[in-house]
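K.L.:
Work out the full structure: start from the sequences and follow the hints.
Count the sequence shown with the numbering used here and you get residues 1 to 397, in order.
Heads up, some of the hints might be wrong.
What the hints assert, rightly or not - Computed cross-link-like contacts, DSS-like style, restricted to lysine-lysine with a CA-CA straight-line distance of at most 30 Å: (1) Lys233 with Lys245; (2) Lys340 with Lys310; (3) Lys233 with Lys72; (4) Lys46 with Lys340; (5) Lys245 with Lys340; (6) Lys233 with Lys310; (7) Lys46 with Lys72.
Unchecked claim - Now the in silico label distances, taken between C-beta atoms and shown as ranges: (8) Ala167 with Gln7: 58 to 64 Å; (9) Val51 with Glu205: 19 to 25 Å; (10) Arg384 with Ala167: 48 to 54 Å; (11) Gln234 with Pro119: 55 to 61 Å; (12) Ser289 with Leu249: 48 to 54 Å; (13) Ser239 with Asn185: 50 to 56 Å.
Treat the hints as calculated values from the structure; they're not laboratory data. Cβ atoms here follow ideal geometry from the backbone N, Cα and C, with glycine treated the same way.
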Amino acid sequence: MSQTLDQVAHDLGFEVVTEPGDELRYGLERILGNVSQFHIDWLIEKRSGDVRFVVADVSYRSASGDSQSRLKRETMLYFEQPGLTLPGATIQPRSLTTGLLAVAMNFAGIQQVQFEDDPQFHEACQVMTLQPESTRALLEPALREYLTANPGLTVRTDGPRLVVYRAGQRVDPADLPAFIDETDNVAVSLARRGAQLESLGIDPEAEARAALQRSPALRGRVVPRADLEAFLKQPPPRSIPRTIKRQYLGFAGLFFYVWGGMFLVAGTAVIAGLVAAGEMPPLIALPFSLIPLIGLGAIVVTFLYRRRHKRLLAGGVCRPARVTDVRTTNVTVNNQRRYKVDLQYEFDGRDMTGTINAYDPAVRTAFSLRGTSRETRILVDPLRPDRLLWIDSLPTT
Numbered sequence: 001m002s003q004t005l006d007q008v009a010h011d012l013g014f015e016v017v018t019e020p021g022d023e024l025r026y027g028l029e030r031i032l033g034n035v036s037q038f039h040i041d042w043l044i045e046k047r048s049g050d051v052r053f054v055v056a057d058v059s060y061r062s063a064s065g066d067s068q069s070r071l072k073r074e075t076m077l078y079f080e081q082p083g084l085t086l087p088g089a090t091i092q093p094r095s096l097t098t099g100l101l102a103v104a105m106n107f108a109g110i111q112q113v114q115f116e117d118d119p120q121f122h123e124a125c126q127v128m129t130l131q132p133e134s135t136r137a138l139l140e141p142a143l144r145e146y147l148t149a150n151p152g153l154t155v156r157t158d159g160p161r162l163v164v165y166r167a168g169q170r171v172d173p174a175d176l177p178a179f180i181d182e183t184d185n186v187a188v189s190l191a192r193r194g195a196q197l198e199s200l201g202i203d204p205e206a207e208a209r210a211a212l213q214r215s216p217a218l219r220g221r222v223v224p225r226a227d228l229e230a231f232l233k234q235p236p237p238r239s240i241p242r243t244i245k246r247q248y249l250g251f252a253g254l255f256f257y258v259w260g261g262m263f264l265v266a267g268t269a270v271i272a273g274l275v276a277a278g279e280m281p282p283l284i285a286l287p288f289s290l291i292p293l294i295g296l297g298a299i300v301v302t303f304l305y306r307r308r309h310k311r312l313l314a315g316g317v318c319r320p321a322r323v324t325d326v327r328t329t330n331v332t333v334n335n336q337r338r339y340k341v342d343l344q345y346e347f348d349g350r351d352m353t354g355t356i357n358a359y360d361p362a363v364r365t366a367f368s369l370r371g372t373s374r375e376t377r378i379l380v381d382p383l384r385p386d387r388l389l390w391i392d393s394l395p396t397t
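P.N.:
Rendered as structure tokens:
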């Protein structure tokens, strides 16, 4: 297969890539949403300046992360153009399943765009987005006609990138020319139209910010820019606004307090009761003592984590920094891949480098800053200057 793929790629002007970079892997994972067990089986690439055309055979499981969920294998065209700002949207064949999904997503502020003026397209395709005005402008009549005439294509757009594929279908190398011809038409049309949105007075990013503010389900995921700037202007020790505290301390810590407390109290009570009643010899009770110890450990770790972040937020020194590298890891938390971000900064006259764990959307910001001269802001612990918090990674509106 590899020899056939090499030949087909060469004939099409592509190159076979054996080791995709972290940024390309991130782009593919991000546009597919929260997926688990993501793997690139093969990948070919063609560049034109900064524009990148990629055809990849990938496999992944649904966002649930359940090992029993169906493993999806698909061949897709991935397009990326720096500076392009496409609204985040999904265009897919209309079905009963996608209809039910649309109802569920509506509660999170994701809307279904109606095209009553184009009944054929409306019947064939379902369009979901947080930015309906931008998405409607993006899907001009010629593209809608093409998608209607080529049923079964799924299209996802997000900022500088988009992907086109047929759900659940893989393409043999010999059939790649036809697949690329079909999907490339969609990618080029979307990129061309996306570049025109600004001249039409349409700003997808502004529409997304407004949508986040309107949706109760999404509003808690972002921090108002005014809150962040006012917070950083305070001299230490700062008062931490609720919007920022929610992002860094959140409800996860409270969950672990409750979970740990339940294990600690219930485990201790059961073991003490059985031992006191003489129904469990002490040597047998010893292994069961791990249950309350696990609970105690969860409480202690959560307390230390929250105290450290509170200290950094309240008393950290705000310093400019530069992102020097972004690296992927094999660790996932809540179906989000963890990345390592290296930051270079100066503190107390010393040049220092720190590494933090990052998840999307902070990873997107890190990749946009990597290797540039643009600065970002961090909070540095004055007592432990190797400890830092990337305050500008907060999603803001």
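K.L.:
All hints are to be evaluated individually against the structure, with a verdict given for each.
P.N.:
A quick look at each hint next to the structure:
no., hint, result
1, Lys233 with Lys245, "holds, 16 Å"
2, Lys340 with Lys310, "holds, 22 Å"
3, Lys233 with Lys72, "violated, 48 Å"
4, Lys46 with Lys340, "holds, 28 Å"
5, Lys245 with Lys340, "holds, 23 Å"
6, Lys233 with Lys310, "holds, 17 Å"
7, Lys46 with Lys72, "holds, 25 Å"
8, Ala167 with Gln7: 58 to 64 Å, "violated, 28 Å"
9, Val51 with Glu205: 19 to 25 Å, "holds, 21 Å"
10, Arg384 with Ala167: 48 to 54 Å, "holds, 49 Å"
11, Gln234 with Pro119: 55 to 61 Å, "holds, 56 Å"
12, Ser289 with Leu249: 48 to 54 Å, "violated, 31 Å"
13, Ser239 with Asn185: 50 to 56 Å, "holds, 55 Å"
Hints 3, 8, 12 from the earlier list are contradicted by this structure; the remaining hints agree with it.
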